[in-house]
Each structure stands twice: as structure tokens, then as C-alpha cells.
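Assemble the whole structure, with the sequences as input and the hints as a guide.
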Amino acid sequence: MGCSHSKKKSKGKKGEKSQKDKSSRDDGGKRASGEHNVCLEKQLERFEWQLRILKEVLSANGNLERAELLKDHADEDVCTLVLSILDKVKTETTADLNVLHEQRSKAATGEHERHAEELQKRHEQEKSQLTEKFHVAENVLKVKVTELTAELQIYNELKRRADESTFKKDLQRNIQAHGSPGAFWESEQESLLFVIEMKSDRVQDQSRKLQQMEALVEKNLSLEDQIVHILQQNEDMRVRIDNCQTLVQQLSKEQQDLKVALERQKCWCDLGLSFYDGPVLQSAELVVMSQCCFRHCLPQTAEVSNVPIGRLLPVPTTQH
1 MGCSHSKKKS KGKKGEKSQK DKSSRDDGGK RASGEHNVCL EKQLERFEWQ LRILKEVLSA
61 NGNLERAELL KDHADEDVCT LVLSILDKVK TETTADLNVL HEQRSKAATG EHERHAEELQ
121 KRHEQEKSQL TEKFHVAENV LKVKVTELTA ELQIYNELKR RADESTFKKD LQRNIQAHGS
181 PGAFWESEQE SLLFVIEMKS DRVQDQSRKL QQMEALVEKN LSLEDQIVHI LQQNEDMRVR
241 IDNCQTLVQQ LSKEQQDLKV ALERQKCWCD LGLSFYDGPV LQSAELVVMS QCCFRHCLPQ
301 TAEVSNVPIG RLLPVPTTQH
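Just so you know, we're using UniProt numbering here: the sequence shown kicks off at 1 and counts up by one.
These are calculated hints, taken from the structure and not from any lab test.
Predicted model, so just to flag it, every value in this text is computed and none were measured.
With a straight-line cut-off of 20 Å between C-alpha atoms, the simulated EDC-like cross-links for lysine to aspartate or glutamate are:
no., residue 1, residue 2
1, Lys106, Asp96
2, Lys199, Glu164
3, Lys159, Asp201
4, Lys199, Glu157
Here are the in silico distance ranges between beta carbons for each label pair:
no., residue 1, residue 2, range
5, Ser191, Lys144, 25 to 33 Å
6, Leu216, Leu152, 26 to 34 Å
7, Ser84, Glu113, 39 to 47 Å
8, Leu221, Arg161, 34 to 42 Å
9, His229, Asn156, 45 to 53 Å
10, Gln211, Glu126, 51 to 59 Å
11, Arg202, Asn139, 26 to 34 Å
12, Leu221, Glu132, 51 to 59 Å
13, Arg173, Gln204, 22 to 30 Å
14, Lys133, Glu218, 47 to 55 Å
15, Arg208, Arg160, 18 to 26 Å
16, Lys199, Leu152, 17 to 25 Å
17, Glu235, Gln265, 38 to 46 Å
18, Val217, Ser252, 46 to 54 Å
Beta carbons: idealized from backbone N, C-alpha and C, even for Gly.
Structure (C-alpha cells):
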């Protein structure tokens with residue numbers, strides 16, 4: 001501000017001097033250039049001072065220290081420049097931080113999703129494995145519970161039978177009649193009764209199994225007899241089949257022979273009938289051939305066999 005005001009004053013003085021005295025023009029120009037150099041030096045010093053203040057303010061730590069530095073160097077241009085730079089830095093820093101925050105948030109979200117998917121898959125696998133193990137263990141325990149339940153039922157049945165047995169009743173009567181021999185001996189007698197009932201139950205089971213085995217043996221013997229009988233029948237059927245095959249072969253051979261004989265008889269019959277269409281033969285040859293033909297061709301019934309051959313033959317007519 002001061003520098004511009006001094007420049008105006010120097011220009012006014014120079015105009016006045018040029019109007020008053022043209023000869024002093026060179027001296028006025030030198031003075032104006034000297035004042036201009038002084039102004040430039042002052043402006044340079046001012047810029048350096050503002051630059052130094054700006055560096056101090058920017059290098060300050062915190063807003064309080066910056067505010068104090070700005071109060072110490074109260075200059076509107078410096079304050080405006082510092083505030084504009086701070087606003088610009090703040091804006092750029094906020095934008096960069098927002099971009100960085102978005103990138104990191106996206107990366108963290110993706111990593112979290114991948115980690116969640118991996119945990120879900122691992123959870124499903126562990127759940128399926130544990131479920132399979134649980135089912136296997138449950139089935140094993142069910143089988144054990146079934147076995148133990150069956151054993152418990154058998155034990156209760158044996159206990160009931162031991163309580164209801166005649167040995168138990170006899171023991172109670174003896175105790176009432178002669179007194180108790182002691183708790184130890186009573187427990188030993190009860191355990192002995194229980195063992196006796198178990199042994200008797202096993203003996204009954206063995207007897208039932210023995211009866212079943214005897215029934216199976218008898219059934220096997222009957223089946224063996226049936227097998228022997230069926231084998232004999234098969235042998236008889238095999239012999240019959242062989243006989244039938246032999247008979248079929250004989251019948252087929254006889255059938256072939258009969259076919260050959262029938263063909264021969266047919267030929268002789270055809271030959272005998274052809275004599276009626278030909279010329280009149282001699283009587284002796286005609287009689288011989290007709291006898292052969294009628295013996296092979298005509299049916300051998302009782303009526304025909306008693307008739308003479310000459311009556312069956314037609315009387316040949318003489319041709320003139």
C-alpha cells in the first residue's frame with residue numbers, strides 16, 4: 001500500500017519538474033529510478049517477511065499456536081493467504097481422507113464377507129460331521145439300551161421266579177421254624193436260589209433246543225428217505241426214457257421201410273392199370289401181372305381173398 005502511494009508522488013513530482021524545467025529532465029529521471037529501486041527493495045523485504053511468517057504459521061503445531069502467530073503478525077494479506085491455504089489444505093486433506101476411508105471400508109467389508117463365508121462353510125462342515133457322529137453314537141447307545149433292557153427284563157423275570165420258587169418258600173419256612181442263621185447266610189442262600197433259578201432256566205433252554213434238534217434230525221431223516229425214493233424214481237424214469245427212445249428208433253425204421261414198400265406197391269399198381277390202355281397182351285402174361293398187382297394193391301379182406309383172381313379182372317375185348 002505504501003509503495004503505490006510513493007510511486008504516485010514521484011510521478012507527480014516528475015511531471016511538475018518536466019513542465020518547469022526541461023533541462024533538469026535527466027536529474028529527475030535518475031531520482032525516479034532511485035526511488036523505484038527503493039520501493040522494489042521494500043516490497044521484496046515485505047514479501048520475504050510474509051513468506052517467513054507463512055512458513056512459521058504452516059509449520060506451527062495446532063490451531064492455537066497458529067492463532068498466536070497470526071496475532072503477533074497482524075497483516076490482512078498474510079491472514080487471508082494463510083486462511084485460504086489452510087482451507088485448501090483442509091479440503092484436500094478431507095477429500096483424501098474420505099477416499100482413503102472409503103477404500104479401507106470397502107476392503108474391510110470384503111475381507112469381513114470372505115471371513116464370514118469361510119466361517120459359515122467351516123461351521124456347516126463341523127455341523128455335518130458332528131451330526132453324523134451324533135447319529136452314530138445315538139444308534140450305538142440305542143443298541144446298548146436295547147440289550148440292557150432285555151437283560152434287565154431277563155433279570156427281573158429270574159428274580160420273580162426265584163421269589164416265587166418252592167426253594168424260597170421252603171427257606172422262609174425253615175427260617176420261621178428254626179430261626180434266622182444270620183444276615184450273611186440269608187443273603188448267601190438267596191443268591192444261591194437265584195443261581196439255581198438261572199441254571200434251571202438254562203437247562204430248560206437247552207432241553208428246548210435239544211427237542212428242536214431232535215425234530216430237525218427226524219425231519220432230515222425223512223427228507224433223506226424221500227431223496228432216496230426220488231432218486232430211485234429218477235433212475236426208473238431214465239430207464240423208461242431209454243426204452244422209449246429205442247422203441248421210437250424202431251418205429252421210425254419200420255416207418256421208413258413201410259414208406260419204401262408203399263412206394264413200390266404204388267409203382268406196381270400204376271403199372272397194372274396201364275395195361276388196360278395198351279394193346280391186348282397174351283392171356284398168360286396178363287394173368288400173372290394182374291395177380292401180382294392185385295395182391296399188392298387190393299386190401300386183404302376175407303371176402304376179397306376168397307374170390308378168384310380171374311373174377312376180379314375184367315374180360316379183355318378183342319380188337320378187330
